[in-house]
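Number of protein chains: 2
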Amino acid sequence: MVSKNQIKLISGLHQKKQRFANQLFFAEGVKVIQELLQSNFELEHLYTTLNDFEAVQSSKRTLINEQELKKISALSTPNSCLAVFKIPAEKRIIESDLILALDDIRDPGNLGTILRLCDWFGIKQVICTKETVDIYNPKVVQATMGSISRVNVNYIDLNLFLAQTKLPVFGTFMDGENIYQTNLPEEGIIIMGNEANGISAEIEKTVTSRLSIPRFGELQKTESLNVATATAIILSEFKRNS
Amino acid sequence: MVSKNQIKLISGLHQKKQRFANQLFFAEGVKVIQELLQSNFELEHLYTTLNDFEAVQSSKRTLINEQELKKISALSTPNSCLAVFKIPAEKRIIESDLILALDDIRDPGNLGTILRLCDWFGIKQVICTKETVDIYNPKVVQATMGSISRVNVNYIDLNLFLAQTKLPVFGTFMDGENIYQTNLPEEGIIIMGNEANGISAEIEKTVTSRLSIPRFGELQKTESLNVATATAIILSEFKRNS
Chain A
1 MVSKNQIKLI
11 SGLHQKKQRF
21 ANQLFFAEGV
31 KVIQELLQSN
41 FELEHLYTTL
51 NDFEAVQSSK
61 RTLINEQELK
71 KISALSTPNS
81 CLAVFKIPAE
91 KRIIESDLIL
101 ALDDIRDPGN
111 LGTILRLCDW
121 FGIKQVICTK
131 ETVDIYNPKV
141 VQATMGSISR
151 VNVNYIDLNL
161 FLAQTKLPVF
171 GTFMDGENIY
181 QTNLPEEGII
191 IMGNEANGIS
201 AEIEKTVTSR
211 LSIPRFGELQ
221 KTESLNVATA
231 TAIILSEFKR
241 NS
Chain B
1 MVSKNQIKLI
11 SGLHQKKQRF
21 ANQLFFAEGV
31 KVIQELLQSN
41 FELEHLYTTL
51 NDFEAVQSSK
61 RTLINEQELK
71 KISALSTPNS
81 CLAVFKIPAE
91 KRIIESDLIL
101 ALDDIRDPGN
111 LGTILRLCDW
121 FGIKQVICTK
131 ETVDIYNPKV
141 VQATMGSISR
151 VNVNYIDLNL
161 FLAQTKLPVF
171 GTFMDGENIY
181 QTNLPEEGII
191 IMGNEANGIS
201 AEIEKTVTSR
211 LSIPRFGELQ
221 KTESLNVATA
231 TAIILSEFKR
241 NS
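Protein chains in written order, with UniProt numbering: chain A, 1 to 242; chain B, 1 to 242.
Be careful, since some hints might not be right.
When chains are identical, the list treats them as one kind, so a pair holds in a single copy or across two.
Cross-link-like lysine to any residue pairs, in silico, SDA-like; alpha carbons within 25 Å at most [said to hold, decoys possible]: (1) K239 - M174; (2) K4 - G217; (3) K8 - T62; (4) K239 - S212; (5) K139 - A74; (6) K70 - A196; (7) K124 - P214; (8) K4 - G188; (9) K31 - S224; (10) K31 - S200; (11) K31 - A201; (12) K8 - D134.
Just so you know, the hints here were simulated from the structure itself, not pulled from any lab data.
Chain A on its own, in the form it takes in the complex (with noise of 0.2 Å):
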């Protein structure tokens, strides 16, 4: 059984802010908190409709029903388990390799998507605007399906630290460079720009190399990509010769 204090701390943590206040975050789904739970993360607890995940230690693991998960999920159609995890302390950037650089992305299946595809291509490092969608966000747990242990995320000025870094920057614009034919390094940042209005003015001006991905139909009328499309498309470039 799940109590009242648990159903209101969870459904808290449905919040950025109570989950900031509390420390703690939420996955659901087997596959997911199966990931998690043999990640570095914390398990804070795990709630279930079933008897399984044995192998976690009875004081950390309650057995509830349907209509208890259904008061705790974010999840329209929850699945059969909830795990409230401690948020990890934020590492130091790695400034190294391949840096994939986050200029106000706000749809969590977009960042989830794209942590997901880090994972994919051995991209260690993200770094985000504080405007970027929280990567604790439940719809952002989800879409990583657990990828989100294996990436070091960190919220930054990210004006200030893209102004003193000493990697190459990478930006991709209309009038850029055809990323097809160019020579890409395997160590830089690489800023993806925001859903609605690209990369913003003040980054563009830290952009030492601009790109562009070709378009191959009507050209007048396809607007663009999808940024977590545009991503895959981009570390597809980067990784595929090294």
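Position chain B against the provided structure of chain A, taking the given hints into account.
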């Protein structure tokens, strides 16, 4: 003002069955509607909270208030307008160039993003299993950002089609040939599989060329890419040298 009958009709169009029965679908938001108005789609009726879209004849345009929009909208935060369009007759399949085949894509956001990608990369033909989500689903229409008018989509017996095509058939699998090191032709059919199960066993038998997208992260851990981001990487590879 929007009448009770109109509300009933449009609410019905949230469901596939009613869209099919009425041969109508709807789109929301100025950008998407404007794209569709410029396409071959025939407008049935436009509902807007602003006095915009002056180019649309007044008999097909109704000024409504935000409460009325909320009643007919599929969005949690409705935009300023909603337009009902006629579903066009299905065109014949263009069996040349690159064709994307979708084997039971279930998520509307994924399908919409994939159609937007096809438009970007100049893929004119998409063929889907009948179990793939309907392209006139409001969430698909929204995610395409207007691209829906520029890609020909057919729902067919995919297995039968693939069994008799003369084009090479590509699929991505864990054990496939590294896509970055494969000579990819300008003609062929690329199959993308279901979000949870990948390419089905029956469809897999029709594949003539097995490809794989290499992973660069911790090999045993990152399980998969989201189907839309995988499509982005694959289409980029097929097109980058053309």
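Going down the list of hints, with the structure as the test:
no.	hint	result
1	K239 - M174	both (22 Å within a copy, 18 Å between copies)
2	K4 - G217	neither (55 Å within a copy, 41 Å between copies)
3	K8 - T62	within (16 Å within a copy, 45 Å between copies)
4	K239 - S212	both (16 Å within a copy, 14 Å between copies)
5	K139 - A74	both (8 Å within a copy, 20 Å between copies)
6	K70 - A196	between (33 Å within a copy, 23 Å between copies)
7	K124 - P214	between (27 Å within a copy, 17 Å between copies)
8	K4 - G188	neither (49 Å within a copy, 58 Å between copies)
9	K31 - S224	between (33 Å within a copy, 12 Å between copies)
10	K31 - S200	between (36 Å within a copy, 21 Å between copies)
11	K31 - A201	between (40 Å within a copy, 23 Å between copies)
12	K8 - D134	within (21 Å within a copy, 39 Å between copies)
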